[in-house]
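Trainee: Since chain A is already given, all that's left is putting chain B on it; use the hints.
There are 2 protein chains.
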Amino acid sequence: MKKLLDSPERAVADSLAGFAAAHAGEVEVHGIGEDAGPVFVTRAGGAVSGKVGLVSGGGSGHEPLHAGFVGDGMLDAAVPGAVFTSPTADQIVPALQAADGGAGVLAIVKNYTGDILNFETAVELAEMEDVEVATVVVNDDVAVEDSLYTAGRRGVAGTVAVEKIAGAAAARGDDLAAVKAVAEKVVAGVRSMGVALTAGTVPHVGKPGFDIGDDEIEIGIGIHGEPGRRRVPKASATEVTRQLVEPVMSDLNLTQGDRVLLFVNGMGGTPLLELYVVYGRARALLEERGVTVARSLVGSYVTSLEMQGASVTVLRLDPELEELWDAPVRTPALRW
Amino acid sequence: MKKLLDSPERAVADSLAGFAAAHAGEVEVHGIGEDAGPVFVTRAGGAVSGKVGLVSGGGSGHEPLHAGFVGDGMLDAAVPGAVFTSPTADQIVPALQAADGGAGVLAIVKNYTGDILNFETAVELAEMEDVEVATVVVNDDVAVEDSLYTAGRRGVAGTVAVEKIAGAAAARGDDLAAVKAVAEKVVAGVRSMGVALTAGTVPHVGKPGFDIGDDEIEIGIGIHGEPGRRRVPKASATEVTRQLVEPVMSDLNLTQGDRVLLFVNGMGGTPLLELYVVYGRARALLEERGVTVARSLVGSYVTSLEMQGASVTVLRLDPELEELWDAPVRTPALRW
Chain A
-11 MKKLLDSPER AVADSLAGFA AAHAGEVEVH GIGEDAGPVF VTRAGGAVSG
39 KVGLVSGGGS GHEPLHAGFV GDGMLDAAVP GAVFTSPTAD QIVPALQAAD
89 GGAGVLAIVK NYTGDILNFE TAVELAEMED VEVATVVVND DVAVEDSLYT
139 AGRRGVAGTV AVEKIAGAAA ARGDDLAAVK AVAEKVVAGV RSMGVALTAG
189 TVPHVGKPGF DIGDDEIEIG IGIHGEPGRR RVPKASATEV TRQLVEPVMS
239 DLNLTQGDRV LLFVNGMGGT PLLELYVVYG RARALLEERG VTVARSLVGS
289 YVTSLEMQGA SVTVLRLDPE LEELWDAPVR TPALRW
Chain B
-11 MKKLLDSPER AVADSLAGFA AAHAGEVEVH GIGEDAGPVF VTRAGGAVSG
39 KVGLVSGGGS GHEPLHAGFV GDGMLDAAVP GAVFTSPTAD QIVPALQAAD
89 GGAGVLAIVK NYTGDILNFE TAVELAEMED VEVATVVVND DVAVEDSLYT
139 AGRRGVAGTV AVEKIAGAAA ARGDDLAAVK AVAEKVVAGV RSMGVALTAG
189 TVPHVGKPGF DIGDDEIEIG IGIHGEPGRR RVPKASATEV TRQLVEPVMS
239 DLNLTQGDRV LLFVNGMGGT PLLELYVVYG RARALLEERG VTVARSLVGS
289 YVTSLEMQGA SVTVLRLDPE LEELWDAPVR TPALRW
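Top to bottom, those sequences are chains A and B. For the first sequence, position 255 (counting from the first letter as 1) is numbered 243 according to the numbering used here, and the numbering increases by one without interruption. For the second sequence, position 198 (counting from the first letter as 1) is numbered 186 according to the numbering used here, and the numbering increases by one without interruption.
Just chain A, with the same shape it has in the complex (with noise of 0.2 Å):
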């Protein structure tokens, strides 16, 4: 293994420790150097009086999911588990209290079983802490039904969708029923699927997460390198492409005339030059069928390390959706 790292056990706290001093003014990291209370992120000016909160959380390793995008129309506050680890609802409840504002706080949880119990746990000890919680839980991925971590599907780089919009929503001043209904609308509308050309490789396991050969891909791949659909030999970005957007066309049934979201995401170890040209031939595919790509996003946002794949996501829009997408965000990551 070799990565630019002091160790192991350092990993996430040290990342964090950079992530803080390079957006000082922007984001505030509690729980890290001297301060030993549990990690979490939030904006630095704290919450924003009288607007929903917004929180959302997960393993490390994903970057800069989800940390990266708190800030001004996204998150008000992240947490960071270790690599590929739920964080602890000891780490989430101080996230949801600092996001309160006073109109309470939606959180964003991807759909893992540790994440799901966490927050869980987590929600219940916030409420007696007088915090109204409500939570939507993120399920886009299409490759599997139930997985390593998973009971039904996985949340994977459509949170990105589901974070950004509902962060508008919350914005503009939406109350917290109306920005979790904004928030289902996006769950029930966006759909994912991914592919790993290689493994990536947890800093504490020392050795990649799965073996691949040389000549081999594996399609409907999870973001924490869990199984996908099949493996299959090596193919063209054409195929490759076609192989992930169909089953994501499919499942949302989309027909002539749609308008969507194509965000082509990349893992973490592949170069922007490949995911244009898988954004390319996603694009022919969705306007094959007669679909309009009126948004897009291309980039390494949800990352599972330095796995070398992409994922393709479809987010169904309407005029509400295209909106809030449009509506300006500064974070770290995501900036309009």
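If you're looking for bench data, these hints aren't it; they were derived computationally from the structure. Check before you lean on any hint, since a few could be wrong.
As the list makes no split between identical chains, a pair holds if one copy fits it or if it spans any two.
Computed cross-link-like contacts, SDA-like style, restricted to lysine to any residue with a CA-CA straight-line distance of at most 25 Å [claimed, not checked]:
# : residue 1 : residue 2
1 : K39       : E16
2 : K(-10)    : D203
3 : K39       : V193
4 : K195      : V220
5 : K222      : D163
6 : K173      : A91
7 : K(-10)    : G177
8 : K195      : K222
Mentor: Using the frame of chain A, we list chain B on its own:
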């Protein structure tokens, strides 16, 4: 070789086609699809009347450099060559012409022999077409004097600072001589050094650009995988970062009270988790010397295909450079 490409021959054109579609309305890519002319990238709206135009270019494989930096507050046109291959004068001439809003054009050239020669030829040809062109050469890499493709120091990630700051000077209305002077101030004050953990694979070559053992890293690597200063055993992020930052600080003669931009750049295959660790270590070394890190950038902006590794760039700031760095920028890859 496993890559998300259809073929080595189509890699750059396919990627540019995807880039053009994803950022339609912001950029325009000429010479792909049915347009059989030379390949170059411009703002969607064309040159801005009365503003100095900025053009850069170089081999592909370093995305988002340079095409990702076309837009308000940065470049007016970019010229992508084949992978790791200088663009031809045929491509550069129409880019210089397209960027000319009547106030002349600044060409920003990374110091590689092929780039220098082809830009020189193109500038002569463009001047025959009555485009006034000034040129600045970026040579920020302190690792080696002369190299595989270079006489003198190589131009690497410092190019982003040159393009951003000169772009802001042009946007505020500076004339060609003034924009050139600002760009030269950045060139004089910016230094970089990189490290490779693994090698990238040029698509049409099909195997890694160099051999490197599982337990060694290359200090002072170039962005084409050119040899660096030395091959050493893998080491902690703290130790590796020290080997990058110390030569940069020495070369810049940084002393107590200096203010700098610290830019930690990923080589394409290294995740953000690790880049922030390097950032934290680099910042600590600068602060130990009494240097203030006044501005920061962390991300994969000048890549070497899927190479794992990072570079550290330091730019000596003054009030003018800070103001120009902070000025708004709206490009596919950099926006604030």
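Trainee: Hint by hint, note whether the structure agrees.
Mentor: Outcome of the hint check:
1. K39 <-> E16: Within. Shortest intra-copy distance 19 Å satisfies the 25 Å Cα cut-off; inter-copy 39 Å does not.
2. K(-10) <-> D203: For K(-10) and D203, both the intra-copy (23 Å) and inter-copy (7 Å) Cα distances are at most 25 Å.
3. K39 <-> V193: neither (41 Å within a copy, 55 Å between copies)
4. K195 <-> V220: Classified as both: same-chain Cα gap 22 Å, cross-chain 21 Å, threshold 25 Å.
5. K222 <-> D163: neither (48 Å within a copy, 52 Å between copies)
6. K173 <-> A91: Intra 21 Å, inter 50 Å, cutoff 25 Å: intra-copy only.
7. K(-10) <-> G177: The answer is neither: 39 Å in one copy and 32 Å across copies each exceed 25 Å.
8. K195 <-> K222: both (22 Å within a copy, 16 Å between copies)
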